[in-house]
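Asker: Two chains, two separate frames, one set of hints: put the complex together.
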Amino acid sequence: MEPIIRMENVNKWFGALHVLKDIDLNVQKGEVVVIIGPSGSGKSTLIRTINRLEEIQKGRIVVDGIELNRDVRNIDAVRKEVGMVFQSFNLFPHMTVLENITLAPRIVRKWPREKAEQIAMELLERVDIADQAEKYPAQLSGGQQQRVAIARALAMQPKIMLFDEPTSALDPEMVGEVLDAMKELAKSGMTMLVVTHEMGFAREVADRVIFMDMGEIIEEGKPDQVFSNPRHERTQSFLARIIH
Amino acid sequence: MKAITWAKENLFNGVFNSILTLVTIFLLYVSFKGIFHWALYEAKWSVVPDNMRLLMVGPFPPEQVWRVWAMLALTLLVAGLLYGNVTRVRPPLWMWIGALLIYALIWPVVFPSTRFWLALSLLALPIGMLLGPYLPRKLLTPLSLVALVVIMALPTAVNPNQWGGFFLTVLITVGVSLMAFPFGLLLALGRTGKLPVFRTLSILYIELIRGVPLVTVLFLSWIMVPLFVPEQWRLPDLISVSIGFSMFAAAYLAEYVRGGIQGVPKGQYEAAWALGLSGSQSARFIILPQAIRSVIPALIGQEIAIFKDTSLVYILGLFDLLYMALTVTKNPKYLGTDREVLLFVMFVYFVGAALMSYASRRLERAMGLGTR
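Protein sequence lines correspond, in order, to chains B and H.
Reminder that position 150 of the first sequence reads as 150 in our numbering, one-by-one numbering, no gaps.
Reminder that position 70 of the second sequence reads as 314 in our numbering, one-by-one numbering, no gaps.
These are calculated hints, taken from the structure and not from any lab test.
Honestly, I wouldn't trust all of these hints.
[Said to hold, decoys possible] One-sided excerpt, in silico: chain B residues whose CB lies under 10 Å from chain H:
id, residue
1, G30
2, N51
3, L53
4, I75
5, K80
6, E81
7, M84
8, F86
9, L91
10, P93
11, A104
12, P105
13, A149
14, A155
In this text, a Cβ means the ideal position worked out from N, Cα and C, and glycines have one as well.
One chain only, chain H, in its complex shape (with noise of 0.2 Å):
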């Protein structure tokens, strides 16, 4: 009834909105009719669940599959108990229904070996938040690091130049944020900071970067950053290509920083001098947590970049979701299928943006309580 009532006032009220709205109708269908048809009747949509392996884990040996999902059964175990640790909130009843429901989804598209850690992740979430509350607070560090060690160690037994396909995504994605923000928020306290020589250094660093194109930083460390290391080591493109990541991405997150740090009034550097505290203490204890407080969003913006970005080490011949795409594209058995392959890995990569995206959001509420 109220949607009677919303078209008659909003698209027919009056005859030339009527017929305005009619042939939009009409333009409408016109033109996505050949999409419909072609989603509905034309595409081999079996192409994405029969190559699913390869997309998520690219040339990963199948019997070691489980390791990939033993990380991230792990990192949702130890996301839940933090969670649960800290907020005190039970899973709530949406939580067990979706994991319900994903696990029914996907069941038909994994192999029968790996219903299992299918099930162990996805339950490993509200599991995680359920049990949370019960865990001293005191443990929460070192467990945190413990479940770390582990997260790192499990991929190692597979030669990295095997990793691959939506789980290289996230793993370049983690590590090249990990590596990039320490960096970055260095630069940014030397381009805030008094000493003449870091401040220098940094806004040369920082200019120089953001002066060239990311696909340049990843071609010349893929061929420069292993001339720094011994021969005999060795490197994996992958670390290489992901150093030049974050020293490229650092650049980016210190900007961000540096407009917090500028945005924190003088009186608080002055109120933590009064009562004492050192350049560094006040650094850490009142102006970044301020300063990284009110960049946030253009944090996680940057992340989401981050995210996006690993596509272009596809050029590189590393086995991200791209270039795994392509290859399957590429199989004679699956001729023709550039399009549905390609909607499925935008798919993926929205609904991974979109994530960090909601995440932020939540973020912002939870840390904006109380303060200003």
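Chain B with its partners taken away, still in its complex shape (with noise of 0.2 Å):
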């Protein structure tokens, strides 16, 4: 079958700093892969390209059958396709909930208030916040601000989902709700990429664990594998510094 996103011999510079090193990776519809993988390894940049927020110097990237090139029409197709979750929140302050969630299917989707605000409700519903929709970002505790960005994704109905360290920003007390609100979309089928230091989800939910270092993938397997049995030595040094 084909990959909904298909990766091949991916470079990136930042100025002189070799960032993303020959990366390969393809991506099956409805697998939830997780990265892992050191500060400053690359991780967030990979998927970042995904959705071209960073462009590449080198290789290709396919997502959805949309190759991503210079071409504005095409970024602007695939970013509609795939949804991203930040570490640090990203809603807009000067606008409700309701309002952040239906902006972009109103004006990049076209769709009338109505039916907008109604999947917004149904997505606020599916994260347990449906009482916030009328606040301001602010008036939200950090949990509630992740799942209300995770409903603003999913709002335009996207095939693919990015997460970039999304529980890096919260308080301990408040990862569980986020991570219980992902681990329910990966059930329902979506395709997940996720960036996290959370090896207990990455345990449950993954299809695949991807370790990177130094702009390179090491390796990549079963979770199980990858956390009992992993080949490479700096995959084990890694994991042993991780889990005490």
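Answerer: Below you can see the structure in the form of structure tokens.
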């Protein structure tokens, strides 16, 4: 079957710094891929190339049959199919929760207000904060904000969801509620790429775990295999440092 | 009682401070005695009410002055309607009392024929607020547009060369603001944008304009703008000067807005792009609303500067408030009243600026609600 994301020989430089080295990665529809690795290993950069928040200098990325190149129409088309959740939420502070979620469907998908609001309320129901719809982001807790951000990304009805360290900026007691929302999403069959340090989540939900270091994919496999029986010594030393 | 305690604690706590206080009071008395005496006994304040029409509308034909009143009344009515519709606040009691007070205060100054218009203008704001909530929201925009067209059409029956006084000052302020704001926005977007041509042009324009004095820009536009239009059109000086003024103000507005744009975190752009918004959609819905909100104090400051700087047009022979004031003092009948008239002009400018600055504070508080 044709993978929904195909990355071939992807290379990226920040100036002289080589941050992605010959990345080859295929993701199947419905697959949940968790990317782990030390900070600065290029894992965030990797998923940010998939919706072209980062440009690549060499190689090829095809998302849902659309080639990501300089063509703005292709970039827009890919961004419509790919939702993203950020470490720092990035909700729009001047809009209510409901407006945050309905904005893109209304102006990008051109849905009428009623339809957009109805779907927004269903999504808020799904992440369990329908009662906060009229509030502003600053009035919510971090965990609630991140769940709004998930609902906002889902409102565009994407085929792929990217999560860039979604729980790293949260207080510990709020991590669970966000992970629960992500687990529920994974069970519904969404294709997901998740950069995270939550090894428990990776073990429970991931179909595949990828370990990155110094801009390279060092090792990949089933969570059990990567966590319990890592083949590469760099993976071993990383896991030894992170799992106490 | 409180005042006495306060004075004891702050002005007379100890021998030395008591002496200091008494000396200060004496010095203040000596230096301001003359001014008080002048203001209360010598000044011929009657020059101001006697020339009120000249100061307010300049050479505008007296039988046409109702047009200016109608503009004022309509503006206040629409403002009241919009405010009432959005906030659903009923006009507070002080607004009615204030209207009554102002009416009583101004009543003796205006011609009997204009008293009706005065009353109408004073009542327009509270009545608008009262009716606002009953107006369907869909009608707001078309209604405001129609009102705007009517307001703009009202004075055109009179030759622009006869517009003057405080009316002209306000007109230039509003006109310049309306032209400068969109242009300034474009310049700010150009300077922060990705297109090298627009960026370079914007930077050049902004730096050029900011490097020259306003008076020179006004003079130059007064001479140059007419060269760009066909001769048979004969633009009124008012228009050419306003265009130059707007071009000047836009450069400053652009820099304020740029500051706001650069203050919006990078994550906001990324979130907008990740949702599939195009560059212009992100600017319109995400970046500019946040950028402008954060620079409202600076924008209103610029607005106040425009208002005060309109006094420069008197150099070009436009009959603004300052020009009319100087004309009044040259009238043989009112010789030697320069101080009275100029103090009145300052008072008018001060009240206008204070009102804008008050509105700015209200606006900030209203918009700050629930954000960040």
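Asker: Can A104/B be said to touch chain H, with a Cβ gap under 10 Å?
Answerer: With a minimum Cβ separation of about 4 Å from chain H (threshold 10 Å), the hint on A104/B holds.
Asker: Is the interface hint for K80/B satisfied, with its Cβ closer than 10 Å to some Cβ of chain H?
Answerer: Cβ of K80/B sits 4 Å from chain H, so the hint holds.
Asker: Can N51/B be said to touch chain H, with a Cβ gap under 10 Å?
Answerer: 6 Å, holds
Asker: Can we keep the I75/B interface hint, with Cβ of chain H closer than 10 Å?
Answerer: 9 Å, holds
Asker: Verify the interface restraint on F86/B: the C-beta must sit less than 10 Å from at least one C-beta of chain H.
Answerer: With a closest approach of 6 Å, the F86/B hint holds.
Asker: With chain H as the partner, please determine if L91/B meets the hint condition of a C-beta pair closer than 10 Å.
Answerer: 8 Å, holds
Asker: Taking 10 Å as the limit, does the beta-carbon of L53/B come near enough to a beta-carbon in chain H?
Answerer: At 6 Å from the nearest chain H Cβ, L53/B passes the 10 Å test, so the hint holds.
Asker: Hint validation: P105/B versus chain H, beta carbon distance must be below 10 Å. Holds or violated?
Answerer: Holds, about 9 Å.
Asker: Next item in the hint list is A149/B. Is there a CB on chain H closer than 10 Å to its CB?
Answerer: 8 Å, holds
Asker: Would you check whether P93/B satisfies its interface hint, that is, whether its CB is within less than 10 Å of any CB in chain H?
Answerer: 5 Å, holds
Asker: Does the interface hint hold: is E81/B within less than 10 Å of chain H, judged Cβ to Cβ?
Answerer: For E81/B, the interface hint holds, since the closest Cβ of chain H sits about 9 Å away, which is under 10 Å.
Asker: Can G30/B be said to touch chain H, with a Cβ gap under 10 Å?
Answerer: 21 Å, violated
Taken one by one, the earlier hints fail for this structure only at number 1.
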